[in-house]
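Q: Mind docking these for me? Both chains are given alone in their own frames, and the hints should help you get the complex.
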Amino acid sequence: MSRVSVPYHMKGTVALQVGDMRNSQGRPGVQVIDVTFPSTKPFELQEIMFKNYYTAFLSIRVRQDTSMHTPAKWVTCLRNYCLMPDPHSEEGAQEYVSLFKHQMLCDMARVLELRLILRQPSPLWLSFTVEELQVYQEGPKSPSMTFPKWLSHPAPCEQPTPLLEGLPDPGRVSSEVQQMWALTEMIRASQTSTRIGRFDVDGCYDLNLLSYT
Amino acid sequence: MLQEESDLSLIIAHIVQKLKSSNLYAQLERQAWGSWEKRILKSLNSMCSELSIPLARKRPVGEQKELLSKWNEMGTDEPDLSLFRPVYAPKDFLEVLINLRNPNYENGDSLSFRTHLGLIQVPLKVKDIPELKEFFVELSLNTGQLGIDDSTQVPPELFENEHVRIGQKVLAEEDSAAAQQYVRQGSPTALRAELWALILNISSQPEDALYYEQLKTNVIQHDLLVDSLIYKDVKLTASNDDYYFVFEDYLYQVLLCFSRDTSVLGHFAYNSASPPKSYIRGKLGLEEYAVFYPPNGVIPFHGFSMYVAPLCFLYHEPFKLYQMFREMYVRFFFRLHSISSHPSGIVSLCLLFETLLQTYLPQLFYHLREIGAQPLRISFKWMVRAFSGYLATDQLLLLWDRILGYNSLEILAVLAAAVFAFRAVNLMEVTSLAAAEAVLADLSTLKVMPLLQIFLFATVT
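Going down the list, the protein sequences come from chains A and B.
If you read the first sequence in the working numbering, its first letter stands for residue 1, the second for the next number, and so on.
If you read the second sequence in the working numbering, its first letter stands for residue 1, the second for the next number, and so on.
It is possible that part of the hints are untrue.
Said to hold, decoys possible - Some chain B residues near chain A, calculated using beta-carbon distances under 8 Å:
1. Lys38
2. Arg39
3. Ala56
Stated by the list, open to error - Pairs of lysine to any residue residues, derived as SDA-like cross-links and limited to a Cα-Cα distance of at most 25 Å, are as follows:
4. B:Lys125 / A:Thr13
5. B:Lys125 / A:Tyr81
6. B:Lys125 / A:Asp86
7. B:Lys58 / A:Leu209
8. B:Lys127 / A:Ser122
9. B:Lys133 / A:Ser89
10. B:Lys125 / A:Asn208
11. B:Lys283 / A:Tyr212
12. B:Lys125 / A:Glu91
13. B:Lys232 / A:Asp206
14. B:Lys133 / A:Pro85
15. B:Lys127 / A:Leu124
16. B:Lys127 / A:Pro85
17. B:Lys127 / A:Tyr96
18. B:Lys125 / A:Pro85
19. B:Lys216 / A:Asn208
20. A:Lys51 / A:Glu95
21. A:Lys51 / B:Lys125
22. B:Lys127 / A:Gly92
23. B:Lys127 / B:Gln180
24. B:Lys125 / A:Leu124
25. A:Lys51 / B:Tyr270
26. B:Lys133 / A:Asp86
27. B:Lys65 / B:Gln221
28. B:Lys283 / A:Asp206
29. B:Lys127 / A:Pro121
As the list claims (entries may be wrong) - Each pair of labels, with its calculated beta carbon distance range:
30. A:Leu133 / B:Pro103: 17 to 23 Å
31. A:Gln134 / B:His316: 42 to 48 Å
32. B:Leu81 / A:Ala182: 55 to 61 Å
33. A:Met186 / B:Val96: 51 to 57 Å
Quick caveat, the hints were computed from the structure, so don't treat them as lab data.
It should be emphasised that the depicted structure is a prediction, and the values quoted were computed from it without experimental measurement.
Glycine included, C-beta positions come from ideal geometry on N, C-alpha and C.
Next up, chain B with everything else stripped away, as it sits in the complex (with noise of 0.2 Å):
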């Protein structure tokens, strides 16, 4: 009764988040997406035809027994990937979102009031700071927060014992709209595996393990192009992060699986993308032959295995991580790397970061645009990956607390904000876009609750 329950109410929470979504202008995108994809699969192609590498090859039976047997350790692994390259990296993609244009947007050659004064120049409706003040209401002075009322000055009686308690008792009471607010607030570390699982409604039953390793077998049967991408991936970004690097396994064996995973392309229904598609060899053409390369539909970029990386903090089970990850992925992550005009897609996320430094900090957006260093040009590799490989660990999951619990990323966008007006003093005094950038190349010490809360309720405006 309760699989029933739980599966029904993640129906909804699915048909819930199809409504919310809002329209997808079908003019702006399909031309603007069309062309992208278009470059992506051209690359793909190129390579593979470059190299004499196929997309897909089925492995022979002693190189299958062979990886079967390195399965936990496959990052002992060192094949030789000096000739394989990313498909695209966040910069590329930003691109492609700074020539995103409206034709019926009177745009005019010469520098007028329509022109924005930032890189995006499509007018999406986006939320200013009273309308952000009301949406993230749980973050205001006088609430309690995880990440700044449990720090060691602060006696535990105040809010601390009786957060912890509340927690408890949503996890006892098995209630994912009340985990969801409870989150809002910050999640103790003890608990928030389970509270984000009962969140997202993954519960583990013995059919997810079963179809985790049927994934599995499809991956040691056959060999993918793409699966070179993630292990470059990987050794380039999960692997030189001191945080991560432990995990660089379990990395390959969430990623690998999920890029054989068909349920995925059930996020296509909602997202402006389409999975790209192929033909089986001598068969071009024919429909019955049509399949989706990769099978799950997407085609992983620079970086993507960083939104893996803090989930294995949480989640030491390989099939649990697995489950974790797709469903973040279907709600939230995909959002970040493809064009929509959705409030949680990256180019309004993108547009709310620069409108959010215009109207409150307009001597350093403007300083900064004179030396030629766009902040969105900086900023935007953050909000692609969430944050994630660019904050210390425990404040990147108390970042994802708050994702979770608000449903929405436009917090990522804020907080991209926030450091840029902690920092103001010192990027007024830059010259160029290189010494910005240095200014903000670390951002492990930080502390993303009171960055937050100061930004959002504490800055005269």
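Bound-form chain A, shown alone (with noise of 0.2 Å):
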């Protein structure tokens, strides 16, 4: 399924932390980044791409566009995603996730906003957030083919038409041409497929000092 990529305008990551910021010595464990489609109206999303830098869990909220005249309410599409399963350890931490249509709890028609939602309890990270987020909507579909009604609707089998004067039987040949191709297919399969490893240039293997690039 083809899939265009929406061009969002990701607000600064705020950090939520109980208590008075300045004073308390640990690091929040919360962080909300708000993405917005500015320069596009509400569209079906289709999938949610990002690389993880160190975030344990994920939850995503969505707003609504709802044709009625009621305000848009935000609704929880993806409550606690683990991306790490151990937020100690480096498992997961710097992976690239896909999180698709058919992962979230409700309907993603009309998007207008979302809300990243990004937890980790460990403290033995300085930082975490994600990167290279992308989001994409369904893209135009493919034209349905319509089949050749010949390749649908087969003809009834024919009568062959009779035989010229002259030419072989066509059964005989194409039973004959069917060995042939049998014996090509055989001989093509045997081939190996070992390379023959050739390291120096042309005989040549005269080297330089080891470059350091």
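A: Here is the structure:
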């Protein structure tokens, strides 16, 4: 299914913390990122892709455009999705993640705004975020193909036309051609795939010193 | 048809390995590995310019003929290798691993709950003993093992005869997956060579023998600086070992050909390292004249030849020995000297060893740390060489059976911890690093399987 990237505007991350931010010792464990789509009308979200950077859990809330004149409400479409199985260790910390429409808890039609809520409960990491965020909507559908009629409705078996004089029997010719084809296939199949593997250039392997790039 | 199937299963096995290998954490690894690689290249380049020896030269015809005639007895050659030094030794590599830091990780200068007490400071996920018990379930106390249940006191009807019979059946069926499962309980000596070849999908076709001959021709035509490093390494390590010195000639035949084998370059697709590059003289910067050096991209370090030596007990034809070594290298051994976050990579093995020791022998760990003998400094060299040269050969082969059976090198870290547990009483009495090394200097009398079983399944935690 084709997909089209949707341009977005990411508002700065807001860290949530209990208590006074200046005086407390610990680092915030929750960050909220707002993603708006100013230049697009409400669209159907197909896929969200991003690169994780030490975020342990992700929740996503979405605000959708409602047809009636009620103010749009925030709905949770992904709840505590685990990105790092062990928040204290490296596993999953820098992975590329793709989230699809069918993984979401609600219908993703007519999306106005997204809110990504990142959680990292472990105090070991200095910072956490998501990078390279990309949002996709469904691309134009490929035009449905109509099969030619003769493919979908094969003609009933016809009587073969009578043989012309002097030509060999088509049945025998076709079976002989088939045998020849089988032989060529066998030969092709038995060809080895091992490469010769030359390491020199035209027989010369006189080198400079090793390069540091 | 069989060749196609085994080719296909080999390709599938490779793809599965690549998919299973966890992400190479770009930031962390590239920086550390990049500076380490640069150091190695600088060392090689400086050796080249100091000794005025070219990195590669074409041999004159006379020399080629001479080498061809001496091919089977290259060990009798006594070239002057005093000026050559190994590019690096395991302890240099350990220093690099100790200094690996994650820039996003809160280390802090003062000791806190965040600082690791061992040498490795990277927070990778390693298994703990309950997870290891599940992973190594076939090593448990109520499953028969070769290495324990085939000792002279145990009547062979209890386990050994049946196990050998099953092994013969597995070989007859040519079932690679069954062989891998079978070998977890150890492999009978008579069947081991074929079983390992079956697990690694090595079938000796005539084209493989031809390929080996081609590599031999390459060795005869070109002389590489790396060859002298290989010579030196074999002379320093395998030739001095009581068990392996008889195989000296085989080692040259395998390792010299190995460094010309460009098919090994394929493993860099799932290895975080990259092969050293150079250009043909006079064509610096032109990509058509860029070549890898050595042709297989692997620079041998001190002790590299010990990866090959144990295989010499199993395979007697050079090209079969070569194939087995090459496959074992690109599947397992390369992880022991490259930085990666893979669970079988050396960083994870070191962390696993330290974590096991800290969790289950905290007094010993604390004591060794206090006297300045961090346990990893002693066990690192065992793990980097996969215990080759430290254990008796029959025990080593039993250990490598399990590496193949579980497709993982984690057993090396578990064995290292088990050895420390076994000698814990003596180690608690030492007062210096040198004394601790002396206690653990000789592992040749150890029996591997009882140690592993006791540590995993019989230690009171």
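Q: Run the distance test for Lys125 of chain B versus Tyr81 of chain A: straight-line Cα separation, threshold 25 Å.
A: holds, 20 Å
Q: For a C-alpha distance cap of 25 Å, please report whether Lys133 of chain B and Pro85 of chain A respect it.
A: Holds - the C-alpha atoms of Pro85 of chain A and Lys133 of chain B are around 20 Å apart, at most 25 Å.
Q: Decide if the proposed pair is consistent with the structure: Lys58 of chain B and Leu209 of chain A, CA atoms, cutoff 25 Å inclusive.
A: holds, 16 Å
Q: Are the Cα atoms of Lys283 of chain B and Tyr212 of chain A separated by 25 Å or less?
A: holds, 16 Å
Q: Has the given pair, Lys127 of chain B with Gln180 of chain B, been kept, meaning a C-alpha gap of at most 25 Å?
A: Holds, at about 22 Å.
Q: Would you mind confirming whether the straight-line C-alpha gap from Lys127 of chain B to Ser122 of chain A stays at or under 25 Å?
A: holds, 19 Å
Q: So if I understand the rule, the pair passes when the alpha-carbon distance is 25 Å or less; does Lys127 of chain B with Gly92 of chain A pass?
A: Holds. Lys127 of chain B to Gly92 of chain A sits at ~16 Å (cutoff 25 Å).
Q: Taken at face value, is the distance from the CA of Ser89 of chain A to the CA of Lys133 of chain B at most 25 Å?
A: Holds. Lys133 of chain B to Ser89 of chain A sits at ~21 Å (cutoff 25 Å).
Q: Taken at face value, is the distance from the CA of Pro85 of chain A to the CA of Lys125 of chain B at most 25 Å?
A: At roughly 10 Å apart (the allowed maximum being 25 Å), Pro85 of chain A and Lys125 of chain B satisfy the hint.
Q: Quick check: does the Cβ-Cβ distance between Gln134 of chain A and His316 of chain B fall within 42 to 48 Å?
A: Check failed, 57 Å falls outside 42 to 48 Å.
Q: Are the Cα atoms of Lys125 of chain B and Thr13 of chain A separated by 25 Å or less?
A: violated, 29 Å
Q: Can the restraint linking Lys65 of chain B and Gln221 of chain B be considered satisfied, given a maximum Cα separation of 25 Å?
A: holds, 10 Å
Violation of the numbered hints given earlier is confined to hints 2, 4, 10, 31; the remaining hints are satisfied by the structure.
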